[in-house]
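Enquirer: Read top to bottom, the protein sequences are chains A and B.
Residues 1 to 527, numbered by the numbering used here, are exactly what the first sequence covers, in order.
Residues 1 to 508, numbered by the numbering used here, are exactly what the second sequence covers, in order.
There may be inaccurate statements among the hints.
Chain A regions said to be covered by chain B (calculated; three or more residues, Cβ under 8 Å) [stated by the list, open to error]:
{"no.": "1", "segment": "244–254"}
{"no.": "2", "segment": "497–509"}
Pulled from the structure, derived: some chain A residues nowhere near chain B, Cβ distances all over 10 Å [stated by the list, open to error]:
{"no.": "3", "residue": "Val81"}
{"no.": "4", "residue": "Pro398"}
{"no.": "5", "residue": "Phe485"}
{"no.": "6", "residue": "Glu523"}
{"no.": "7", "residue": "Ala526"}
I should point out that these hints are in silico values taken from the structure, not numbers from a laboratory.
All values derive from a computational prediction rather than experimental measurement.
The beta-carbon is built from N, C-alpha and C at its ideal position, and this holds for glycine as well.
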Amino acid sequence: MPLTPYTGPWTKAEAAHLLRRTTFGPTNQQILDAVTNGLSATVTALLQIPAITEPVAFHPDETIVPFGSSWVNAVYPSGAVQAQSVEVARQWSLGAWAMERINKEQMTIAEKLCLFWQNHWAASPGFDARATYDYHALIRQYALGNFRQFAKDMTINPNMLLFLNGATNNVFSPNENYARELLELFTIGKGPQIGPGDYSNYTEDDVAAAAKILTGYYVDGLRSDTLTDVTAVYNAILHDTSTKTMSYHFNNAVIPNNGANEYADLIDVIFLQDEVAYHICRKLYRYFVCFDITPTIETTVITEMATTLISNNYEILPVLTELFNSAHFYDITVRGAIIRGPLETLYAMMNSTGTEPAFNLATDLEMQLNIYWLAEIMGQAYASPPSVAGWPAYYQEPSFSRLWANSTTLKTRFDVSSFLTIYTGIPVNGDFLKLDVLNFVDNLSLPPDAPTVIDDMCDVFCPKGVDVVQKTILQSILTNGQPAFEWTMQYNDYLANPGNPVFEDPVRIRVELVLAKLFQMPEFHAM
Amino acid sequence: MALASAGTPIIINKMKLQSIGKELFEVKKAYEDRVLVIIRLNGGNDGLNTVIPLDQYGNLTNQRSNVLVPQGSVLSLTPDIGLHPVMTGMQNLFNDGKLGIIQNVGYPDQNRSHFRSMDIWSSGLINANPDTGWMGRYFESAYPPTYPTDYPNATYPHPFAISMGYQVSETCQGIMANWSHAVNDPFTNYNLTASSVLNDGSIYGGHMEYLATLIDQANAYGADINAAATAGNTMSTLYDPASQLATQLQYVAQMISGGLETKVYILNINGFDTHDSQVLQTDTTQGTHADLLKELSDAVAAFQDDLNLLGLENRVAGMTFSEFGRQVASNASYGTDHGDAAPLFLWGTCLSTNIMGSNPVIGSTVVNQEAIPMEFDFRDIYASILKDWFGAPAQDIQSMFEHSVTFYPLLDFCNVGISEIELDKDEALIYPNPCYTNSTIRFLSDGEWVKIDVYDMNGQIVLNVLDSNISQGSHDVPMETSGLPAGEYLVKVTKESGSVNEPLIKVH
Numbered sequence: 001m002p003l004t005p006y007t008g009p010w011t012k013a014e015a016a017h018l019l020r021r022t023t024f025g026p027t028n029q030q031i032l033d034a035v036t037n038g039l040s041a042t043v044t045a046l047l048q049i050p051a052i053t054e055p056v057a058f059h060p061d062e063t064i065v066p067f068g069s070s071w072v073n074a075v076y077p078s079g080a081v082q083a084q085s086v087e088v089a090r091q092w093s094l095g096a097w098a099m100e101r102i103n104k105e106q107m108t109i110a111e112k113l114c115l116f117w118q119n120h121w122a123a124s125p126g127f128d129a130r131a132t133y134d135y136h137a138l139i140r141q142y143a144l145g146n147f148r149q150f151a152k153d154m155t156i157n158p159n160m161l162l163f164l165n166g167a168t169n170n171v172f173s174p175n176e177n178y179a180r181e182l183l184e185l186f187t188i189g190k191g192p193q194i195g196p197g198d199y200s201n202y203t204e205d206d207v208a209a210a211a212k213i214l215t216g217y218y219v220d221g222l223r224s225d226t227l228t229d230v231t232a233v234y235n236a237i238l239h240d241t242s243t244k245t246m247s248y249h250f251n252n253a254v255i256p257n258n259g260a261n262e263y264a265d266l267i268d269v270i271f272l273q274d275e276v277a278y279h280i281c282r283k284l285y286r287y288f289v290c291f292d293i294t295p296t297i298e299t300t301v302i303t304e305m306a307t308t309l310i311s312n313n314y315e316i317l318p319v320l321t322e323l324f325n326s327a328h329f330y331d332i333t334v335r336g337a338i339i340r341g342p343l344e345t346l347y348a349m350m351n352s353t354g355t356e357p358a359f360n361l362a363t364d365l366e367m368q369l370n371i372y373w374l375a376e377i378m379g380q381a382y383a384s385p386p387s388v389a390g391w392p393a394y395y396q397e398p399s400f401s402r403l404w405a406n407s408t409t410l411k412t413r414f415d416v417s418s419f420l421t422i423y424t425g426i427p428v429n430g431d432f433l434k435l436d437v438l439n440f441v442d443n444l445s446l447p448p449d450a451p452t453v454i455d456d457m458c459d460v461f462c463p464k465g466v467d468v469v470q471k472t473i474l475q476s477i478l479t480n481g482q483p484a485f486e487w488t489m490q491y492n493d494y495l496a497n498p499g500n501p502v503f504e505d506p507v508r509i510r511v512e513l514v515l516a517k518l519f520q521m522p523e524f525h526a527m
Numbered sequence: 001m002a003l004a005s006a007g008t009p010i011i012i013n014k015m016k017l018q019s020i021g022k023e024l025f026e027v028k029k030a031y032e033d034r035v036l037v038i039i040r041l042n043g044g045n046d047g048l049n050t051v052i053p054l055d056q057y058g059n060l061t062n063q064r065s066n067v068l069v070p071q072g073s074v075l076s077l078t079p080d081i082g083l084h085p086v087m088t089g090m091q092n093l094f095n096d097g098k099l100g101i102i103q104n105v106g107y108p109d110q111n112r113s114h115f116r117s118m119d120i121w122s123s124g125l126i127n128a129n130p131d132t133g134w135m136g137r138y139f140e141s142a143y144p145p146t147y148p149t150d151y152p153n154a155t156y157p158h159p160f161a162i163s164m165g166y167q168v169s170e171t172c173q174g175i176m177a178n179w180s181h182a183v184n185d186p187f188t189n190y191n192l193t194a195s196s197v198l199n200d201g202s203i204y205g206g207h208m209e210y211l212a213t214l215i216d217q218a219n220a221y222g223a224d225i226n227a228a229a230t231a232g233n234t235m236s237t238l239y240d241p242a243s244q245l246a247t248q249l250q251y252v253a254q255m256i257s258g259g260l261e262t263k264v265y266i267l268n269i270n271g272f273d274t275h276d277s278q279v280l281q282t283d284t285t286q287g288t289h290a291d292l293l294k295e296l297s298d299a300v301a302a303f304q305d306d307l308n309l310l311g312l313e314n315r316v317a318g319m320t321f322s323e324f325g326r327q328v329a330s331n332a333s334y335g336t337d338h339g340d341a342a343p344l345f346l347w348g349t350c351l352s353t354n355i356m357g358s359n360p361v362i363g364s365t366v367v368n369q370e371a372i373p374m375e376f377d378f379r380d381i382y383a384s385i386l387k388d389w390f391g392a393p394a395q396d397i398q399s400m401f402e403h404s405v406t407f408y409p410l411l412d413f414c415n416v417g418i419s420e421i422e423l424d425k426d427e428a429l430i431y432p433n434p435c436y437t438n439s440t441i442r443f444l445s446d447g448e449w450v451k452i453d454v455y456d457m458n459g460q461i462v463l464n465v466l467d468s469n470i471s472q473g474s475h476d477v478p479m480e481t482s483g484l485p486a487g488e489y490l491v492k493v494t495k496e497s498g499s500v501n502e503p504l505i506k507v508h
């Protein structure tokens, strides 16, 4: 039975809820457009993965390709020291590129989904930036695609082979690392331990058998000064040719030797179990809707999502289409139920105010890289989760997203939001990145009207708005304690004198002060 | 604060001279002052390459020759047990009686998943949903359980636990909140903006209340942490500034010496999941694991040196833990895979054990996936620490765990003589005795001039402890004995109401 479609009111509150969950931060205008376009058309538009450009060299340590060019199919220099220096430059390029993707996202779920999958297949970068890029390209390719084929391709992805020791897993010495996480985290998931070595959905023997099935691959081309790509290579000598038998959890499936394609046979056997669908649907639900999977949610929403996934041959797109069109997604109990992660916090400030660095290529990318490092300080270094299970805030009971917020990380959030608004901005090469608050306020519904300005700000940033007392405080900051018409006059003067700092600065400063306060209110930190 | 040289009158902490009337309060106060430092070895530490069973060395070569350190390089603690060659700092601690090893710590039906096993170790719960941590449950049993609503307050002005870094520790998860406070740098000024939002009972409302409370707490605790760190001292020159662990332990020493009343500090060191390249192919004494062990060993040795110099040794104890050990046989990637039990370290001057348990028995041939079986249940180690170190009642401790708890004497050396001893006027009590670098003398005063000196066996005064007018009542005065050579001494308490002589033995 499919999820009940949502048929209630479609206002700014519902549209903003959808956009906050599926993007890093909508502008007021994007919310208004979604209201105009309606629910169904908005969901359809969001569930597209746009094509993107490759990361480019911007750091002087990149000695192989010219400034501004892609390096993803370029060799490394000869010599370990030189190659390491280029590797660091490429990793920085990747980090800045990933941040720029988030900052420049259009009306699409792509970046949120890439973060989801990057948390799911939580392989950290290392070794060779080209392999790390290929891993991200694979994630983007399958973000809304076929989960089964995704699992197959990921199993022999060079970055993953390196990260979980698949590249050194061979018949002479099986390495269980990838096999274990494939079962425990990536596909069927681990249940309670119900017997010695038996984790409800698979056994220790399954781990050992899967490790044998996966033997035979290694990685070629790492930091090569002649090869332009990193590839996974199968060598029959390294493969365990014995016949493997899975446990009763997989109906005692027998997997005979199938050489280079045997890994795909294993994935097919695993995906015969419906628990795979349940496992990934629970993760999708927790990421996009709410951490709290009650027994009722399990038997209704999760079950229905899993049924949709199975009946669509493990295609992700129909599941999310159904979810974002469902009544449950707009239920008042799940609104504001997620505490923003570090990246969601930082890019909500950036994207919802329409802020993009616009200095020059090197400065812009370095500014993005600075935001990457700020997110790392707050607990979320993109592409480098703390463990192969991903970030604890996405899976750790009972706190889940509350783990993003503690007194230390909150202080950092406050410091950064102050820097982006009332302080100097993030400095790079003598330029400073601050929020483009004039662009922000100019694009609100009725900028000269102080109460509307505050209402719009709260609609954009706070999942359930803020109460009237807090709004009064915010408005008094905007009007500097004056009656509302004073703001109106100030704003109209600014409009009448474009580019004149005498009129521009007061408007800018008032809006910055309001945002600095808003970003330090608890209401902003949920979504 | 450099008052360590013998022959100088020593009054380390004037607070200790306050007259304390009720003995019960005094005992509790001794426990209240105590600090536990927990270091998490994240990833699953290879116990067999950390504490090496020398009597099994031959079979170890059959099982793990590509990661095993050469027999001759092992730092012997006893003829049968040695440490990894980089662990000279901990070897010295062991030789000074300040390092304890508990062999083969684990739990029944060991789970080899990092995440599940870390949950088990953090919570101390094996069967139940691990929604609270073991320290969190202890705090909830020992202190008013309204935390965090009414905290900080005048009685408990400081955080109960501090998790060094950006994240709070799961070990301190309570029912309502986490009892630990994340501190990355105690010298940072906190100046956060608070807000108040009503909790309407929804998930969102709960988040709002949680965030608002955190913001308030960050304000209140932040200033005190900052003040303590600034007022505190650090005297050891052994800290490696390049080591994050050493730097964080140094912060901890500064916070303790600055008077922060935090009871538990939790630190973390990542990287113990050594599936491959645990050692260098060319030299098994080097590589990832050796670097980690060296960082741990050096940092703990520096910290203990600092505590000694600061006169804080008897107040602080430490322990390590890791989610599991690793398999007996190594793999072909010069690494080891997830295993079961492993040794656990304790350190401090109040240890009542040096090596507990026996060496694991290593078979002569490789058995697939074989690991070290459990000898001690980690929950009993937790329980014993709560009993010995924090004086938690046995029945309260039992209620925190699922199994029937067994207590081992682990950290009760400094407890001897503290409780249940009432002095007569002609008596004095020295504890601990024998002592290492610090001891304390208890005596009664009628409100009179009291002079306390330490004599050697030749009748020469080697240490002036006290020479002043002392108010009526029982007093505990610390004695800095680190400058004394090992041997027998006599402590003479001279007062108008009658003199007392007590023997003192200094070891090491």
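Enquirer: Against chain B, does A:Ala526 keep a CB gap of more than 10 Å to every residue?
Expert: violated (5 Å)
Enquirer: Say whether it holds or is violated: A:Phe485 keeps its Cβ farther than 10 Å from all Cβ of chain B.
Expert: holds (28 Å)
Enquirer: Quick one: work out the minimum CB distance from A:Val81 to chain B and report holds if it exceeds 10 Å, violated otherwise.
Expert: It holds; A:Val81 is separated from chain B by about 19 Å at its closest Cβ, greater than 10 Å.
Enquirer: Taking the minimum C-beta separation from A:Glu523 to chain B, is that value above 10 Å?
Expert: violated (7 Å)
Enquirer: Quick one: work out the minimum CB distance from A:Pro398 to chain B and report holds if it exceeds 10 Å, violated otherwise.
Expert: violated (5 Å)
Enquirer: Can the segment 244–254 of chain A be counted as covered by chain B under the rule of three residues or more with Cβ-Cβ separation shorter than 8 Å?
Expert: violated (count 0)
Enquirer: Are at least 3 residues of the segment 497–509 of chain A within less than 8 Å of chain B when you compare beta carbons?
Expert: Coverage by chain B is violated for the segment 497–509 of chain A (0 residues, Cβ < 8 Å).
Against the hints set out earlier in the document, violations occur for numbers 1, 2, 4, 6, 7.
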